[in-house]
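Fit chain L with the ligand to the known structure of chain R by using the hints.
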Amino acid sequence: MKHLLSAADLSRDEAVAILDMAEQMAATQAREIKKLPTLRGLTVVNLFFEDSTRTRISFETAAKRLSADVINFSPKGSSVSKGESLKDTVLTLGAMHADGIVVRHSASGAPYQIAHSTWTDASVINAGDGTHQHPTQSLLDAMTIRRHLKGGAAAEAPAGADRLTERAAALAGQDLSGLDVMIVGDVLHSRVARSGVDLFTTLGARVTLVAPATLLPVEVDKWPADVFYDLDRALAEQPPDALMMLRVQRERMSGQGGGFFPSPQEYSREYGLDARRLAALAPHAIVMHPGPMNRGLEITSEAADGPRSVIVEQVANGVAVRMAVLYLTLTGAKE
Amino acid sequence: MDYLIKGATLPSGERADIGVAGGVFATVGRAAAGSTGNAQVVDADGLIALPGLVDPHTHLREPGREDSETVRSGSRAAAAGGYTCVHAMANTYPVADTAGVVEQVWRLGRDAGYVEVRPVGAVSVGLEGRHLAELAAMARSAAQVRVFSDDGMCVWDPVLMRRALEYVKGIDAVVAQHAQEPRLTEGAQMHEGLVSSQVGLTGWPAVAEESIIARDVLLAEHVGSRLHVCHVSTAGAVEIIRWAKARGIAVTAEVTPHHLLLTDEQARTYDPVYKVNPPLRAAEDVEAVRAALADGAIDVVGTDHAPHPREAKDCEWQAAAFGMTGLETALPIVHQLMVETGRMGWADVAQAMSHRPARIGRVGGQGRPIAVGESANLTLFDPSARWRVVPEQLETASGNTPVAGRELHGRTVATFYAGRPTVLDGKVV
Ligand SMILES: [Zn+2]
Chain R
1 MKHLLSAADL
11 SRDEAVAILD
21 MAEQMAATQA
31 REIKKLPTLR
41 GLTVVNLFFE
51 DSTRTRISFE
61 TAAKRLSADV
71 INFSPKGSSV
81 SKGESLKDTV
91 LTLGAMHADG
101 IVVRHSASGA
111 PYQIAHSTWT
121 DASVINAGDG
131 THQHPTQSLL
141 DAMTIRRHLK
151 GGAAAEAPAG
161 ADRLTERAAA
171 LAGQDLSGLD
181 VMIVGDVLHS
191 RVARSGVDLF
201 TTLGARVTLV
211 APATLLPVEV
221 DKWPADVFYD
231 LDRALAEQPP
241 DALMMLRVQR
251 ERMSGQGGGF
261 FPSPQEYSRE
271 YGLDARRLAA
281 LAPHAIVMHP
291 GPMNRGLEIT
301 SEAADGPRSV
311 IVEQVANGVA
321 VRMAVLYLTL
331 TGAKE
Chain L
1 MDYLIKGATL
11 PSGERADIGV
21 AGGVFATVGR
31 AAAGSTGNAQ
41 VVDADGLIAL
51 PGLVDPHTHL
61 REPGREDSET
71 VRSGSRAAAA
81 GGYTCVHAMA
91 NTYPVADTAG
101 VVEQVWRLGR
111 DAGYVEVRPV
121 GAVSVGLEGR
131 HLAELAAMAR
141 SAAQVRVFSD
151 DGMCVWDPVL
161 MRRALEYVKG
171 IDAVVAQHAQ
181 EPRLTEGAQM
191 HEGLVSSQVG
201 LTGWPAVAEE
211 SIIARDVLLA
221 EHVGSRLHVC
231 HVSTAGAVEI
241 IRWAKARGIA
251 VTAEVTPHHL
261 LLTDEQARTY
271 DPVYKVNPPL
281 RAAEDVEAVR
291 AALADGAIDV
301 VGTDHAPHPR
311 EAKDCEWQAA
321 AFGMTGLETA
331 LPIVHQLMVE
341 TGRMGWADVA
351 QAMSHRPARI
361 GRVGGQGRPI
371 AVGESANLTL
381 FDPSARWRVV
391 PEQLETASGN
401 TPVAGRELHG
411 RTVATFYAGR
421 PTVLDGKVV
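Protein chains in written order, with the numbering used here: chain R, 1 to 335; chain L, 1 to 429.
These aren't lab readings, by the way, just hints derived from the structure by calculation. Hints are not guaranteed to be accurate.
List time: in silico SDA-like cross-link candidates among lysine to any residue, alpha-carbon distance up to 20 angstroms [as the list claims (entries may be wrong)]:
#1 R/K150 with R/T120
#2 L/K6 with L/Q318
#3 R/K222 with L/C315
#4 R/K87 with L/F322
#5 R/K222 with L/A283
#6 R/K2 with L/D314
#7 R/K2 with R/K150
#8 R/K87 with L/D314
#9 R/K87 with L/G399
#10 R/K222 with L/Q266
#11 R/K64 with R/A30
#12 R/K222 with L/E265
#13 R/K87 with L/E284
#14 R/K87 with L/D271
#15 R/K87 with L/C315
#16 R/K2 with R/A17
#17 L/K245 with L/A283
#18 L/K245 with L/F322
#19 R/K87 with L/A321
#20 R/K76 with L/D271
#21 R/K2 with R/T43
#22 R/K87 with L/Q318
#23 R/K222 with L/T263
#24 R/K87 with L/T269
#25 R/K64 with R/L36
#26 R/K76 with R/E50
#27 R/K76 with L/A319
#28 R/K2 with R/K222
#29 R/K150 with R/E50
#30 R/K222 with L/E284
#31 L/K6 with L/V24
#32 R/K64 with R/T53
#33 L/K427 with L/A371
#34 R/K222 with L/P205
#35 L/K427 with L/P391
#36 R/K222 with L/T202
#37 R/K87 with L/E311
#38 R/K76 with L/Q318
Chain R on its own, in the form it takes in the complex (with noise of 0.2 angstroms):
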């Protein structure tokens, strides 16, 4: 694997292989000494034009722990508002000597055209790019559904290295299949929903979205997924095994912003979840977010605090997936 550009591009094997690798490499994270020789000598260049210091320091341990040297590049304002074009940010790279580039940006598709540009050889990961995809994040999503609801026993006791490594043989192989994961919210603009839907349903996932039909594209009956406006409703009929809220942004209900709910008060009684929609989950439900989050808005401190909750658990999750992605694609590149 050269590139990550989209959970679209991976087949259920790849993916399996990611969430594998991604087991083991937080087995790894439970010894006294984290850091592996793994990637001792390549660079690694997070290249973020979009502000994300969340992703950009889960990407900047992950490559650390690795034993990369790591640049961190956030060219001044985005190139979409003027500014240094994309073309010669990444050409500026070039006499850095990237091994692998990890992109954020504001625009749909910019890390796809590095990675098909003649810009650079260095490999491609896309950690988000406007309103298209963000791999990493279902992958990390996968990973922690996985490990919550394919685990077993195995997967309850958090204790010691040698459990961990127990864990990961006992989720080795396994995908989603069987699953029911719902995605509430915007998903319009989100890359988080996108990139879920494609790598759910390749592990064999059933995936669910809820949202007001103006915060969902059109066509998307198209999309391999089921759709529901009545957040109620899909609760009763299709109940999740895993529950994902979706980030709302406050300003999409301008009339600025498109104008496309009325106001938060009316989101949160329709789409956020609250103590009786917590209540009505099933026994093994998990609860997460992408992050960040808005309190009171999507989610409740309690159903964001309860013991469903996994959402802290998804963000040590993403360095263990962003070891695997970068062990994956810099090393494939070499061989």
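Showing chain L with the ligand alone in chain R's frame:
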């Protein structure tokens, strides 16, 4: 006699020798042996002779954006593509909204001498959609403007559109509408459909085009005016135009070669060369515009030749400029899609690419039959030629052709403009 074109196939299918003298067709038919004097002979065996092509929709970019095209380079590109007349759109800098600017463009065209450059005047001052520009002044200028358009922008205000439609009746002109509802297309990047939903680019709904066309045909009917609809791209727009024509409304419609050829699937490459306004549509839309061109519901092919400098396309899709070039590839594309498939004959091509666009633009001396006494505007096309498009080898000053690297079927071998060759042996002279 100046030129003797031997053995050409006319649009009717008849073969003929065509003599050119003093800027007009002197003979059409079997040339009498010995009567040719020292005419230069052009062997046209196997070539199709079409009346010189007339493009209703060209962006020549001068004045103001000479980095992408000039009247001269665009005229050369037009000649290379078989055109003898182009309508130069008004969205220049400054905007062609006064007699002064349209006369400047007209003179630049005349001085270049490759094609007849017919400036299109802006409908509104500065293309701002507020006040009517001085349409009569442009009509009465040396440029004799007969087509008005805010192309690039839609005449969105229904009252302004009504006034424009009414006003041009007095000068026998037509309003050419770029149909794009602005509120429905804020930030829009590509056709709204399955592909946009997957690639995450803001959608441009078909209804944004269709709602304006529906309104405009009703306005045209109400005030009894002619309306021309630029670059029709959706199946729904075709239906509305069919309905309007059946009702007797004086509407004409245009389609571009790229909307005949390409679909929104191209956006999956994120290559901004495929970013265009209106956007490339879905496969069913492409089939609808092909069918409409074949049966005449769509009257004309317009290139919407829209050159851009490299940096305007060498960037993120959403930062890139809209538009693609087309003058030098239009006829081969129409040949391949419409003639080779049997959907149109050469007489139909002559109608769609010469006769009708000349008539819509009220261009005398263009789009006329290849007949004795007519101005000698002629295109010789070799349908058996095969060539691969190399942007650097085209005459246009810009490289944003959507068919780079593709093999096209057929090539313009010679173009005569007012009796003088502008292209011979496939080369601009
Ligand atoms: Zn236009």
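Here's how the hints hold up against the structure:
1. R/K150 with R/T120: This hinted pair is violated, its Cα atoms lying about 40 angstroms apart.
2. L/K6 with L/Q318: Not OK: L/K6 and L/Q318 at ~51 angstroms, beyond 20 angstroms, violated.
3. R/K222 with L/C315: Distance of about 30 angstroms is beyond 20 angstroms: violated.
4. R/K87 with L/F322: 19 angstroms, holds
5. R/K222 with L/A283: OK: R/K222 and L/A283 at ~16 angstroms, within 20 angstroms.
6. R/K2 with L/D314: Judged against 20 angstroms, a Cα distance of about 23 angstroms means the pair is violated.
7. R/K2 with R/K150: 29 angstroms, violated
8. R/K87 with L/D314: The hint holds at about 7 angstroms.
9. R/K87 with L/G399: 17 angstroms, holds
10. R/K222 with L/Q266: Distance ~19 angstroms between R/K222 and L/Q266 Cα, so the pair holds.
11. R/K64 with R/A30: Distance ~16 angstroms between R/K64 and R/A30 Cα, so the pair holds.
12. R/K222 with L/E265: Roughly 15 angstroms between the alpha carbons, so the hint for R/K222 and L/E265 holds.
13. R/K87 with L/E284: 35 angstroms, violated
14. R/K87 with L/D271: 13 angstroms, holds
15. R/K87 with L/C315: Judged against 20 angstroms, a Cα distance of about 7 angstroms means the pair holds.
16. R/K2 with R/A17: 15 angstroms, holds
17. L/K245 with L/A283: Roughly 24 angstroms between the alpha carbons, so the hint for L/K245 and L/A283 is violated.
18. L/K245 with L/F322: Judged against 20 angstroms, a Cα distance of about 30 angstroms means the pair is violated.
19. R/K87 with L/A321: Holds - the C-alpha atoms of L/A321 and R/K87 are around 16 angstroms apart, at most 20 angstroms.
20. R/K76 with L/D271: Between R/K76 and L/D271 the Cα gap is close to 24 angstroms, so the pair fails against 20 angstroms, i.e. violated.
21. R/K2 with R/T43: It holds: about 15 angstroms lies between the C-alpha atoms, which stays within 20 angstroms.
22. R/K87 with L/Q318: 14 angstroms, holds
23. R/K222 with L/T263: Holds - the C-alpha atoms of L/T263 and R/K222 are around 18 angstroms apart, at most 20 angstroms.
24. R/K87 with L/T269: Distance of about 16 angstroms is within 20 angstroms: holds.
25. R/K64 with R/L36: 9 angstroms, holds
26. R/K76 with R/E50: Holds, because 9 angstroms separates the two Cα atoms, which is no more than 20 angstroms.
27. R/K76 with L/A319: Judged against 20 angstroms, a Cα distance of about 16 angstroms means the pair holds.
28. R/K2 with R/K222: With Cα atoms ~30 angstroms apart, R/K2 and R/K222 exceed 20 angstroms; violated.
29. R/K150 with R/E50: 35 angstroms, violated
30. R/K222 with L/E284: 16 angstroms, holds
31. L/K6 with L/V24: Roughly 16 angstroms between the alpha carbons, so the hint for L/K6 and L/V24 holds.
32. R/K64 with R/T53: Between R/K64 and R/T53 the Cα gap is close to 16 angstroms, so the pair holds against 20 angstroms.
33. L/K427 with L/A371: 25 angstroms, violated
34. R/K222 with L/P205: Judged against 20 angstroms, a Cα distance of about 17 angstroms means the pair holds.
35. L/K427 with L/P391: Answer holds: L/K427 to L/P391 is near 15 angstroms, not above 20 angstroms.
36. R/K222 with L/T202: Since the Cα atoms of R/K222 and L/T202 sit roughly 17 angstroms apart, the hinted pair holds (cutoff 20 angstroms).
37. R/K87 with L/E311: 10 angstroms, holds
38. R/K76 with L/Q318: Holds - the C-alpha atoms of L/Q318 and R/K76 are around 18 angstroms apart, at most 20 angstroms.
Of the hints listed earlier, those the structure fails to meet are numbers 1, 2, 3, 6, 7, 13, 17, 18, 20, 28, 29 and 33, in rising order.
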